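Please take these sequences and the hints and turn them into a complete structure.
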Amino acid sequence: MLLRRARRRPHARTSSRLFATYAAASLVPVVALGALVLHSYRNDAAEQGRAQGLAQAAVIAEMAVAPALNTEDRTGGAGIDDGLTTEQSDGMREATEQAIFRGSVLRLRLRSFSGRVLFSDDGSTSGGVPVADADFQAAANGESRATVIGTEVIRVLQPLVASASGQSVGVIELYLPYRAIADRFHAQVSRTWWRIGGGLAALYLVLALLAWWTTRSLSRYAARQEHQAMHDILTGLPNRAAFRKRAEAVLREGGTGAIVLSDLNRFKEVNDTLGHHAGDELLRMVAGRMRAALGPDDLLARLGGDEFAIMLPGRSAAEAVALLNEVRNRITAEMILDGVPLNIEAAFGVSVYPEHGTQLKELKQHADFAMYQGKRGAAGIVVYSGDGAGHPHQWLVIQAELRHALEREELILHYQPKVALPGGEVCGVEALVRWQHPQRGLLPPGEFLPAAEHSGLIVPLTEWVLRRALADQVGWAATGKEWTLSVNVSPRNLEVPGFPEFVEELLVASGIPPHRLILEITETALAGDTDEVVRAITELGRYGIGISVDDFGTGYTSLSHLRGLPITEIKIDRAFVADVARDQQSQAIVRSVIELAHGLGSRATAEGVETPEVRRWLAEAGCDEAQGYLFGRPVPWPQISVNEQTAHVEGVTR
Amino acid sequence: MKVVHWALAAVLLAAAGGCTAAAQQPSSGALDITGGVTVDVSLHDQLPDSVRARGSIRLVTDASYAPMEYFAADGRTIIGFSPDLAAALGEVLGVRAEMVTGSFSSALDEVAAGEYDGVLSSMTDTTERQVKADFVNYLNTGTSIVVQRGNPRRIGVFEDLCGQTVGTEKGTYQEEMLQRLQAKCGDRPIVIDSEPTNADALVLLRTGRVSAVPIDFPPASYLVSDARTSAFYQLASEAQYEPGLFGIAVAKDNVALRDCLRGALQRLIDSGVYAELLSRWSLDSSAVLSATVNGTSTGI
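Keeping their order, the protein sequence lines are chains A and B. Residues 43 to 696, numbered by the working numbering, are exactly what the first sequence covers, in order. Residues 3 to 302, numbered by the working numbering, are exactly what the second sequence covers, in order.
Simulated from the structure, these hints should not be mistaken for lab results. Treat the hints loosely; a few may be bogus.
Rough simulated footprint, nothing fancy, chain A against chain B, three-plus residues with beta-carbon under 8 Å [as the list claims (entries may be wrong)]:
hint : stretch
1    : 76-87
2    : 191-205
Here are some chain A residues pointing at chain B (derived, C-beta under 10 Å) [to be verified]:
hint : residue
3    : ASN112
4    : THR138
5    : ASN183
6    : GLY184
7    : GLU185
8    : VAL203
9    : ALA206
10   : GLY208
11   : SER210
12   : VAL211
13   : ALA335
14   : LEU336
15   : GLY337
16   : GLN626
Only a predicted model underlies this, so the values are computations on that prediction, with no experimental measurement involved. Note that beta-carbon positions come from the ideal geometry of N, C-alpha and C, so glycine has one too.
Set out below in structure tokens:
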């Protein structure tokens with residue numbers, strides 16, 4: 043809830059800001075339009091007022107002035123430059139005095155072209171517009187002009203045409219009341235203002251509504267987009283990006299907590315056998331079960347594929363593991379997909395902050411590493427244990443260097459002897475790879491095998507080991523030793539098509555009998571028995587190559603997995619062997635595994651034999667073969683015979 | 003071409019009475035607004051000293067007779083065929099021709115008194131008027147009767163004017179025609195309303211105070227075809243009465259000017275400028291064939 047609210051607020055802010063922008067942007071053209079319309083309307087009205095003044099003046103000139111001047115004794119060309127005759131002056135006075143008196147005309151002057159006042163309503167001969175005035179000049183040239191003076195008066199200057207011939211003999215200067223015209227014009231403008239203002243306000247309202255509606259749609263769309271961008275469509279959980287964003291936010295706040303990475307053990311199998319639809323359904327169910335087990339502050343995200351990430355803020359490693367146990371139990375509960383009952387396992391890798399780091403990337407790498415260890419080993423929930431051998435930071439470096447190492451022959455093989463019980467003679471060796479690193483010296487497999495396993499580099503590596511070990515075997519066979527050769531094989535090798543044929547060809551090329559080669563497969567690898575793995579094991583068995591189950595007793599192998607497979611050896615994990623001389627439960631387990639191996643027609647081999655007591659107990663229990671420091675550490679094969687001697691003499695090898 | 007010009011000039015000068023055949027040559031590079039009109043130096047030299055000294059001739063006109071002479075929209079500029087002709091004559095003579103507004107009825111007297119150099123106002127050349135002035139004839143036309151549109155008084159021929167109130171411009175040939183008709187009207191006399199200008203007479207016709215106005219054919223034709231006036235006026239008939247000549251009246255004692263004007267007009271006729279000016283004002287049918295002094299009409 044906290045996250046959601048925090049997310050909503052910027053939306054609302056963006057949305058309202060957008061709306062404000064829209065509203066302001068549409069206000070500009072609306073106001074501009076209004077101003078333009080009003081302005082042009084005012085201009086039109088003023089023009090109309092002037093036109094009215096001109097028309098009025100024209101009527102006055104033609105109906106009052108011209109008849110008064112157009113007297114019988116007028117001599118055509120003489121004009122009136124010399125002043126009006128008495129008759130004309132009287133005529134003018136008679137014609138205009140009513141209009142003057144009633145205020146229809148405020149002032150009337152007749153002017154000669156030179157500007158002389160020929161007639162004035164008040165009898166004076168002074169005053170009037172200067173001759174230089176543009177309006178006077180225009181009127182002298184035959185053009186009428188009207189000018190509004192103030193708001194009360196309109197002044198008209200127009201040609202004085204006295205006769206029908208159209209001859210202009212002077213200029214009429216006429217002042218008309220403008221008050222009535224102006225009042226009407228103002229009333230019109232204000233009416234128009236209200237109409238246009240109302241119309242524009244309505245228009246603006248519509249625009250604002252449109253803007254509001256659009257911004258709302260946009261922000262909803264954006265919210266949906268963001269939700270989609272931050273969520274996994276299949277499960278509805280936050281996606282990788284969302285996890286990173288929120289987890290980083292939580293990490294910035296400090297405090298303690300755990301970052302968990304998890305993936306499902308048999309997801310690929312479900313996808314391959316039941317189809318993608320079932321795979322999707324599985325993911326949804328798993329997501330639901332995980333979410334149900336987690337608290338409200340815990341963050342669950344699907345990173346992709348069958349990979350999930352969990353952030354558990356405020357929890358210690360122990361609390362995280364306890365919670366994850368609950369999660370795992372829920373996931374493991376049987377589920378039915380397309381009518382097929384399934385048990386799904388998940389591996390969890392846990393890193394804890396701030397102990398393992400404060401950066402999400404770092405914490406995820408640690409968690410990933412821990413998860414990988416979990417998948418390899420028996421434990422389903424693994425907490426990162428500090429700077430271990432295979433620090434994930436170095437993996438990329440190691441992978442790159444390992445590629446060169448394969449080319450440059452920097453890898454070497456050591457062999458650890460396996461002895462037959464109860465006699466103690468060496469009956470076989472297990473090939474163990476070492477890396478003669480140019481800078482770091484001789485590296486044990488733990489330093490680089492996890493990286494190789496993780497990257498798929500394990501495939502060429504195993505092939506190299508097989509080729510070299512078989513060559514060595516040819517060597518010791520030439521000295522008359524009939525040791526079997528055990529080579530560890532990754533499930534990845536078994537998944538490579540044509541792997542059995544490849545091994546067969548190597549055997550044929552080296553001339554080693556197939557039963558002298560034993561391929562060791564971890565129990566955990568066997569537990570994930572996909573079709574390819576089972577097919578490869580069967581094929582190898584058909585060629586007569588021995589198959590050994592490594593680390594037996596620690597993985598999750600259902601015993602039914604062993605059925606039908608051509609297993610020739612079961613290696614009892616060192617965890618049971620170490621205290622088998624004293625611990626009764628271990629004794630019971632070891633005995634039953636020996637029994638099981640024999641029952642399946644396989645040999646039982648004990649790993650990690652370090653004391654004569656254990657060796658004695660195992661021999662008595664009927665264990666067929668044993669391996670351990672007691673009999674020899676891994677060494678280059680030519681040194682094995684020496685160890686064999688000392689083992690016989692001293693009975694102890696450290 | 004030059005030879006032809008020379009020959010032509012010689013013939014013209016031989017015909018131009020008072021203007022003796024002296025060395026004459028068209029000067030080139032002179033003002034040339036009407037196309038092909040150039041100053042005739044010999045004509046210029048024969049102008050009266052007063053005119054040459056002034057550099058202009060002043061012609062009086064009553065500008066109420068569109069399209070012959072009338073006021074432009076500004077009420078001050080006189081436009082029409084007469085001012086155009088005057089300008090062209092001035093070009094040939096190498097002086098400025100001024101048109102001055104004046105009263106038609108007193109124009110001849112003012113010319114005789116020397117106030118103006120001549121009258122150029124669509125004045126018909128009559129023997130009576132020849133007593134006061136000599137006329138350089140420039141247009142050949144008759145008189146038409148203008149009536150209100152619809153011809154409410156059913157006036158057909160000139161004699162129908164008997165018993166009517168008829169408007170006319172004071173001192174015109176038409177006034178004289180009406181007075182002559184009056185003698186024949188007997189007990190149905192014409193009421194003749196003589197107005198100071200032709201426009202005043204037309205105002206009376208427009209407002210129905212007179213039944214008809216007899217005026218020269220060119221302005222009559224203009225009046226009934228112009229968009230602004232054709233709604234109010236029409237011709238009583240297509241007939242033109244008493245064809246006569248319009249002339250530029252020049253004082254009797256000013257023979258030099260008269261002959262120079264005649265010579266100049268003849269040059270305009272010969273060079274085609276005259277025909278061009280007539281055409282501009284739709285007066286093609288009223289052309290004179292040659293420039294004469296106190297001539298007689300060749301008929302319509």
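Structure-based check of each hint:
Counting residues of the stretch 76-87 of chain B whose C-beta sits closer than 8 Å to any C-beta of chain A gives 3, which meets the bar of three, so the coverage hint holds. Three residues within the 8 Å Cβ limit are the bar, and the stretch 191-205 of chain B against chain A gives 7, so the coverage statement holds. Because the beta carbon of ASN112 of chain A sits about 8 Å from the nearest beta carbon in chain B, less than 10 Å, this interface hint is met. The criterion of a C-beta within 10 Å of any C-beta in chain B is not met by THR138 of chain A, whose closest approach is roughly 21 Å, and the hint is violated.
At its closest, the beta carbon of ASN183 of chain A sits 5 Å from a beta carbon of chain B; the interface hint therefore holds under the 10 Å criterion. With a cut of 10 Å, the hint placing GLY184 of chain A at the interface with chain B holds, because the nearest CB-to-CB distance is about 3 Å. Contact between GLU185 of chain A and chain B, as hinted, is supported at the beta carbon level, the nearest pair being about 8 Å apart and thus within 10 Å. Among the interface hints, the one on VAL203 of chain A holds; its C-beta lies about 5 Å from the nearest C-beta in chain B, closer than the 10 Å criterion.
Interface hint status for ALA206 of chain A: upheld, as the beta-carbon distance to the closest one in chain B is roughly 4 Å, under 10 Å. Residue-level restraint check for GLY208 of chain A holds (minimum Cβ-Cβ distance to chain B is 4 Å; threshold 10 Å). A distance limit of 10 Å between C-beta atoms decides the matter here; for SER210 of chain A the minimum to chain B is near 2 Å, and the interface restraint holds. Interface restraint check: VAL211 of chain A against chain B, minimum CB-CB distance 8 Å, threshold 10 Å, status holds.
Annotation: interface hint on ALA335 of chain A violated; nearest CB of chain B at approximately 103 Å, more than 10 Å. Annotation: LEU336 of chain A was flagged as interfacial toward chain B, and the flag is violated, the nearest CB pair being 99 Å apart, outside 10 Å. At a threshold of 10 Å, the smallest CB-CB gap from GLY337 of chain A to chain B is about 100 Å, leaving the interface hint violated. Interface restraint check for GLN626 of chain A: the shortest CB-CB distance to chain B comes to about 138 Å, outside 10 Å, so the restraint is violated.
Violated hints for the displayed structure, listed by number in ascending order: 4, 13, 14, 15, 16.
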